[in-house]
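One letter stands for each residue in the lines below.
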Amino acid sequence: MALLEIENLVVEFQTASGPFRAVNGVSMKVHEGEVLAIVGESGSGKSVSMLAAMGLLPWTAKVTADKLAFNGRDLLGMSANERRKIIGKDISMIFQEPVASLNPCFTVGFQIEEVLRIHLGLDKAGRRKRAIELFEAVGIPDPAERLGHYPHQMSGGQCQRVMIAIAIACNPKLLIADEPTTALDVTIQKQILDLLMKLQAEHNMGLIMITHNMGVVAETADRVVVQYKGRKMEEADVLTLFENPKSNYTRALLAALPDNATGDRLPTISELFVDEGAVQ
Amino acid sequence: MSVILEARNLVRDYHIPGGLIKKAKTVHALKGVSFSVEEGKTLAIVGESGCGKSTLGRILTLIDPATAGDLLIEGKKIDISKGDMTPEMRRKVQIVFQNPYGSLNPRQKIGDILMEPLVINTDTPADERRDRAIAMLKKVGLTDLHFNRYPHMFSGGQRQRIAIARALMLNPKLLVLDEPVSALDLSVQAQVLNLLADLQDELKLTYVFISHDLSVVRYIADDVMVMYFGEAVEYGSRDEVFADPKHSYTKTLFAATPRADVESIKARLAKKKQAA
Amino acid sequence: MSQAAATSTVSTDPSRRARLAEFWYYFSENRGAVIGLVFFVFLVLLAVFAPWVAPHDPVAQYRDAVLVPPVWQEGGRAGFLLGTDAVGRDMLSRLIYGTRFSLFVGVIVTTLSLVGGIALGVIAGYFRGWVDTVIMRVMDIILAFPSLLLALVLVAVLGPGLVNAMIAIALVFQPHFVRLTRAAVMSEKTRDYVVAAKVAGAGHGRLMFKTILPNCMAPLIVQATLSFSSAILDAAALGFLGMGAQPPTPEWGTMLAEAREFISSHWWVVTLPGIAILITVLAINLMGDGLRDALDPKLKRS
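Chains as they are written, first to last, in my numbering: chain W, 75 to 354; chain A, 62 to 337; chain Z, 212 to 513.
Simulated from the structure, these hints should not be mistaken for lab results.
The beta carbon of each residue, even a glycine, is placed where N, CA and C say it ideally should be.
Treat the hints with care, as some may be off.
Taking CB as the label site, the calculated pair distances span [unchecked claim]:
hint : chain 1 : residue 1 : chain 2 : residue 2 : range
1    : A       : G79       : W       : D216      : 23 to 33 angstroms
2    : W       : E219      : Z       : G416      : 26 to 36 angstroms
3    : W       : A174      : Z       : I352      : 34 to 44 angstroms
4    : W       : R95       : Z       : G327      : 48 to 58 angstroms
5    : W       : R95       : A       : R69       : 56 to 66 angstroms
6    : A       : D184      : Z       : G370      : 26 to 36 angstroms
7    : W       : S101      : A       : F315      : 50 to 60 angstroms
8    : W       : L194      : A       : S142      : 57 to 67 angstroms
9    : A       : S97       : Z       : M428      : 21 to 31 angstroms
10   : W       : Q227      : A       : F315      : 53 to 63 angstroms
11   : A       : D188      : W       : S91       : 48 to 58 angstroms
12   : Z       : I352      : W       : R95       : 49 to 59 angstroms
Here are the simulated BS3-like pairs of lysine-lysine, each with C-alpha atoms no more than 30 angstroms apart in a straight line [claimed, not checked]:
hint : chain 1 : residue 1 : chain 2 : residue 2
13   : A       : K234      : W       : K264
14   : A       : K332      : W       : K103
15   : A       : K234      : W       : K272
16   : Z       : K400      : A       : K234
17   : A       : K234      : W       : K320
18   : W       : K320      : A       : K327
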């Protein structure tokens, strides 16, 4: 059975210029122990669809789906309370800006122990022990001392490690990583990706990697969903996608990579792929 | 070929004044960087955050003065800490910023943004200013319809085109491009890189291209300088640097860059299968 | 190329009308703001057309009709809809003429403190250093006094009267505008577009007032509407204390002061100017809230 199952998801926002459809009929499945990458450019609705699944969108968003289920349980019909029990425990999420996603007023130790207290109900000593374990697992040196630090005392890479530690604190079945390395330097990106892959393999987690970077997709994913303007353009396993992309959009996206440049000019997406709307 | 830009041993220190408890300290953002760029060439400056590449960019664009060292533009020594800048000097170097959402004044129309450098530095009559701004808009792939619009009506790629157009209004020799494509989507990135290449050919522009993205650098640069904690640890032609990196940091940087080719995916999947 | 049609997710209509339409969308979502606006427009019209609307001359004393109650009460007369005061002046006419003074006070005080505050704030925020320190410490000193008390002292020094009261209130309001402007300028100053203008060769004056200032206006406009109502309130308070407009000017605060002794016997003489002040201030504040919602992009959804 699939871990997360989404069928025909539609998300609409009310704006000054009428309703705006950010996600338009997207379906996907994630299985246990699988790394699914969702690739797309800005405005492709890749983050919105996951936020919708988590129930984290503002009230202006209208979410409808034929099916939105986690582990066989319907997420849409669930009460907010029940949903909260799953989110943060069985599904957790990390975000693009690690420094901004930690609360600057509290120590990182307090923030990780809060999660442990709410979802696992551990006592004080147990929380601390588990927090140290988690910091070790994500490769933060000197964990016992680091627990007392504030987010601004740590680098971006360290903060992202803390976020990951918080995210895996309750042994989630599914981890959603929304552009986890976009704000980081290349060498740090490598470390964080390696860490995520290691943790994913160890815990046999489902991992959804939302990214715009084809390199990150190539280095992490098992299966890839390509999204464009709120629609799913293609779904394939990673090798097939890079070797033999079916959709014109994917082909254009790959051709626009500077790595693949042949000759003087980069082929642009608008030259290779004509959409009813404009591309930019 | 003539050398447009030469830097000799540029140093930049930031003094952080002390308070009651903290001692005053000095941060060395640049520790003696030297290089030169020939006309019509592109020098890429590569490095991660905090390596001093943006500080260098600000010195080259004559926004901040260097603490020590010489900066020569077309063989003429320029020191902005002494005396005022003449419009002549201003005209030679312009900059394009990373974030196209912050670099255009949200309350100015595109036309006014483009004409502003002319208004400040020249006494071109209003009609001619307008004509030149519209010509420049067309050159960067926009139309005269965009002349009276505000920046928020444009997408990121279009804004970056406008920022490039503004930088070119004074016909500079040298353009400092501070991560001009890293905030853009892949498809738009390709368009902007193509535009930059076309403009370089057409206007004989010299670029200093600051970036952290090695794949972009490999595509656009003639020479590459790798910076690490305020020092240039590697400097050479693109092919030299990419084929045979000398410094260990450069090697780390190359190894960390994700690869999107089929072979490395196959290798990774094979490794994964083995582990399972 | 595909740029022409490419601005699909952002508004494509470049005209001012489209921006106005967007502004109105966010403004009109706040029902209180619309009510406030409607009432404010009504007040403005009333002030402009006072001589035609008011049934009587506001200072004419009808000796045969002293302290006549409003028309719906026993003894009321159709000629004096809201009754008359202690010397037989028509309350309705005085209230209508009073809007003129209130709006006048609001406009002048806001303009004075806005202009002064912007100038000082921009200079402080742009140059920083000792200029900033001097300006801000002076503002801190002004802020250290209870505002009404300071205004009272100033009026006592300058001499009572509506004009002096306005000057005093404008001075008291100054620090709020200075601080707001300074904060906004400081945050805008580091933005890339300012650096870009600097690279283009813009001088200090141009950077301060042409590049940076227009981007700081939204919070200032909101603050201006809010101090518009506070100005009316303070002017009324000064009037009540006998330091503002002098009798027989039909200013609401002064009217209140004159009617103090009738507070228990003839309610309308006191209550009606009070209500006028209350709803005017309330309407303007509601409008200010709506303006903030519409102008602050951080509060905008989507």
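For each hint, the structure was consulted:
no., hint, verdict
1, A:G79 <-> W:D216: 23 to 33 angstroms, "holds, 28 angstroms"
2, W:E219 <-> Z:G416: 26 to 36 angstroms, "violated, 52 angstroms"
3, W:A174 <-> Z:I352: 34 to 44 angstroms, "holds, 38 angstroms"
4, W:R95 <-> Z:G327: 48 to 58 angstroms, "holds, 49 angstroms"
5, W:R95 <-> A:R69: 56 to 66 angstroms, "holds, 57 angstroms"
6, A:D184 <-> Z:G370: 26 to 36 angstroms, "violated, 52 angstroms"
7, W:S101 <-> A:F315: 50 to 60 angstroms, "violated, 39 angstroms"
8, W:L194 <-> A:S142: 57 to 67 angstroms, "holds, 60 angstroms"
9, A:S97 <-> Z:M428: 21 to 31 angstroms, "violated, 46 angstroms"
10, W:Q227 <-> A:F315: 53 to 63 angstroms, "violated, 31 angstroms"
11, A:D188 <-> W:S91: 48 to 58 angstroms, "violated, 36 angstroms"
12, Z:I352 <-> W:R95: 49 to 59 angstroms, "holds, 56 angstroms"
13, A:K234 <-> W:K264, "violated, 38 angstroms"
14, A:K332 <-> W:K103, "holds, 25 angstroms"
15, A:K234 <-> W:K272, "violated, 49 angstroms"
16, Z:K400 <-> A:K234, "holds, 27 angstroms"
17, A:K234 <-> W:K320, "violated, 45 angstroms"
18, W:K320 <-> A:K327, "holds, 19 angstroms"
The structure is inconsistent with the numbered hints 2, 6, 7, 9, 10, 11, 13, 15, 17, although it conforms to all the rest.
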